[in-house]
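Protein chains in written order, with UniProt numbering: chain A, 1 to 271; chain B, 1 to 300.
Watch out, some of these pointers could steer you wrong.
If the Cβ cut is set under 10 Å, some of the chain B residues that face chain A in the computed set are [unchecked claim]:
no.	residue
1	Val117
2	Thr162
3	Val192
4	Thr193
5	Glu194
6	Ala195
7	Ala197
8	Ala200
9	Arg208
10	Pro212
11	Asn213
12	Met215
13	Lys245
For the record, the hints were derived by calculation from the structure and aren't laboratory data.
Don't be surprised by glycine CBs; every beta carbon is placed ideally from N, CA and C.
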Amino acid sequence: MTLLELRGLRKEYGGRIGQAATVAVDGVSLAVAEGETLALVGESGSGKTTLVRLLLRLTEPTAGQVLFDGGDLAGLTPARLRAVRREMQVVLQDPYSSMNPRMRVTDIVAEPLVTHDPAVRGRARRPGLRERVGGLLEAVGLPAAVQDRYPHEFSGGQRQRISIARALALEPRLLVLDEPTSALDVSVQAQVLDLLAELQRRRGLTYVFVSHNLAVVRAVADRVAVMRHGRIVEIGPAAQVFDAPGHAYTRALLDAVPDPDPRRARRRKAG
Amino acid sequence: MTAPTPTTDPTPPAARGIPSGVRAVLRNRLALAAMAVLAAMALAGLFAPLVAPHDPNAQDLLARLRPPAWLDGGAPGHLLGTDQLGRDLLSRLVYGARVSLLVGLSAALLAGVIGAVVGLVSGFLGGWPDRVLMRLADIQLAFPSILLALAIVGFVGSGLWTVILVLGGTGWVAYARVVRSEVLSLRTRDFVTEARAIGAGDLAIMRRHLLPNVMAPLATIGTLQVAAAIVAEASLSYLGLGVPKEIVTWGAMLSDGQLYLGTSWWIAVFPGLALMCTALAINVTGDVLRDVADPKAYRR
Numbered sequence: 001m002t003l004l005e006l007r008g009l010r011k012e013y014g015g016r017i018g019q020a021a022t023v024a025v026d027g028v029s030l031a032v033a034e035g036e037t038l039a040l041v042g043e044s045g046s047g048k049t050t051l052v053r054l055l056l057r058l059t060e061p062t063a064g065q066v067l068f069d070g071g072d073l074a075g076l077t078p079a080r081l082r083a084v085r086r087e088m089q090v091v092l093q094d095p096y097s098s099m100n101p102r103m104r105v106t107d108i109v110a111e112p113l114v115t116h117d118p119a120v121r122g123r124a125r126r127p128g129l130r131e132r133v134g135g136l137l138e139a140v141g142l143p144a145a146v147q148d149r150y151p152h153e154f155s156g157g158q159r160q161r162i163s164i165a166r167a168l169a170l171e172p173r174l175l176v177l178d179e180p181t182s183a184l185d186v187s188v189q190a191q192v193l194d195l196l197a198e199l200q201r202r203r204g205l206t207y208v209f210v211s212h213n214l215a216v217v218r219a220v221a222d223r224v225a226v227m228r229h230g231r232i233v234e235i236g237p238a239a240q241v242f243d244a245p246g247h248a249y250t251r252a253l254l255d256a257v258p259d260p261d262p263r264r265a266r267r268r269k270a271g
Numbered sequence: 001m002t003a004p005t006p007t008t009d010p011t012p013p014a015a016r017g018i019p020s021g022v023r024a025v026l027r028n029r030l031a032l033a034a035m036a037v038l039a040a041m042a043l044a045g046l047f048a049p050l051v052a053p054h055d056p057n058a059q060d061l062l063a064r065l066r067p068p069a070w071l072d073g074g075a076p077g078h079l080l081g082t083d084q085l086g087r088d089l090l091s092r093l094v095y096g097a098r099v100s101l102l103v104g105l106s107a108a109l110l111a112g113v114i115g116a117v118v119g120l121v122s123g124f125l126g127g128w129p130d131r132v133l134m135r136l137a138d139i140q141l142a143f144p145s146i147l148l149a150l151a152i153v154g155f156v157g158s159g160l161w162t163v164i165l166v167l168g169g170t171g172w173v174a175y176a177r178v179v180r181s182e183v184l185s186l187r188t189r190d191f192v193t194e195a196r197a198i199g200a201g202d203l204a205i206m207r208r209h210l211l212p213n214v215m216a217p218l219a220t221i222g223t224l225q226v227a228a229a230i231v232a233e234a235s236l237s238y239l240g241l242g243v244p245k246e247i248v249t250w251g252a253m254l255s256d257g258q259l260y261l262g263t264s265w266w267i268a269v270f271p272g273l274a275l276m277c278t279a280l281a282i283n284v285t286g287d288v289l290r291d292v293a294d295p296k297a298y299r300r
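Let the hints inform the model, and build the full structure from the sequences given.
Structure representation (structure tokens):
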């Protein structure tokens, strides 16, 4: 079943009188099925981040539609849009700036809960809230006791776990992961990817996974969409895109990945 | 490749008993001294009737222009001497502290509230609200505030609350500008984007994410403004446009003492020193507060 669908999505920036607009996203259409991981790959400036902002409705598209669970996000009243936001959450790339440095972990993870359910606000509801936050932290592999700390007391990987805990707080169906591991060490990257895979298995989450790291994409994606100059140049099952790329740009992108095996790398260059 | 990273922070939980900020303040002697001065001023002002040896307005024409007690001709009953009407200077200083601190704090607070709201709205919303508010700020800035204060006081008439409202109403621009520029950089940060994605409204974002992050600069400007407001009040009182004569203020004392500077220097020097020490102590405290307000600054 299709959870998220983009139809002819287009976004232009600038473009005053006598000046051509910059087209960041140029007619993107795609569908994401419930429970799958769609990876969005492409070089810097290819429009990935703009596409993410569009599908989260953080920016208004110039043209086109975003359909979530069959409903168009464009015509929604602010209240309805808030309700839809419960179902789609985001984890951003930089775990150092995605958390308010002045909030404790409890408040960071509880923010979605407090935003959508005013009843949990207030001192009296605090113990129950702490318990829920503790449960979320444990689900991402952190001890519940870290709640009283500030973000700067954590490492990058730990912060990204907190970010994921916050994104899971409302039990969304769709998680948009904007380069969730690119700011992390390789070993920590692997841990976070394992965590994401496990969460998907257990909760039936749908992921839109944005990355420029093809090794990571290969490990997590069911399907891959390759973006260039704001367009999707190729889309298909991960195995097919990786092993039999149909578009010249995809091949160039794959060739740019350094091969860990020097002999194979030499052979590839020669061939 | 998959070396485990520790998932808990290594700092022992015992070290988190006292907030690190409080410990940092206690280590800083200058800050302690400044806060002691302020505390002494505040206590003296608060309990003025108990601290002051005399009624600040009681005249004793037989004991006019007495020098401080430790000089020749000084009377032990008047520690800092008397003025031209024989009023006890120490008592007047103590009562003056009350007015100065009240005016300084209230005016700075009022200006801070106005400035923070203007800065948040202007920086976060942008567009026409920003343009309108910033042009207002420009107008306010282009107009010398003491002149404006003079005009308003001259028009409405002098009074303690008039002075506070005027000084508060003219001092907001400094806050608004700084808050706005901080907000401009904060609003592009990921945690604000994240809050939007969560579905938080503008008000919630301003309150939960922006305001706490501009508190440090606010506090710093606030302390400067307290000192500035105290001096501004003194200037107005000096010009005779501050508070009514029966309320003792340092500015009025300075202006009284000016005539006698050649012969009885103490009348003007002591209120001047009090003014200077207070302003200095407030500024030092402000510096320390700014450091402490940043949770990362005193990390150990």
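(request) Mind listing which of the numbered hints don't hold for this structure, in increasing order? (result) 1, 2 and 13
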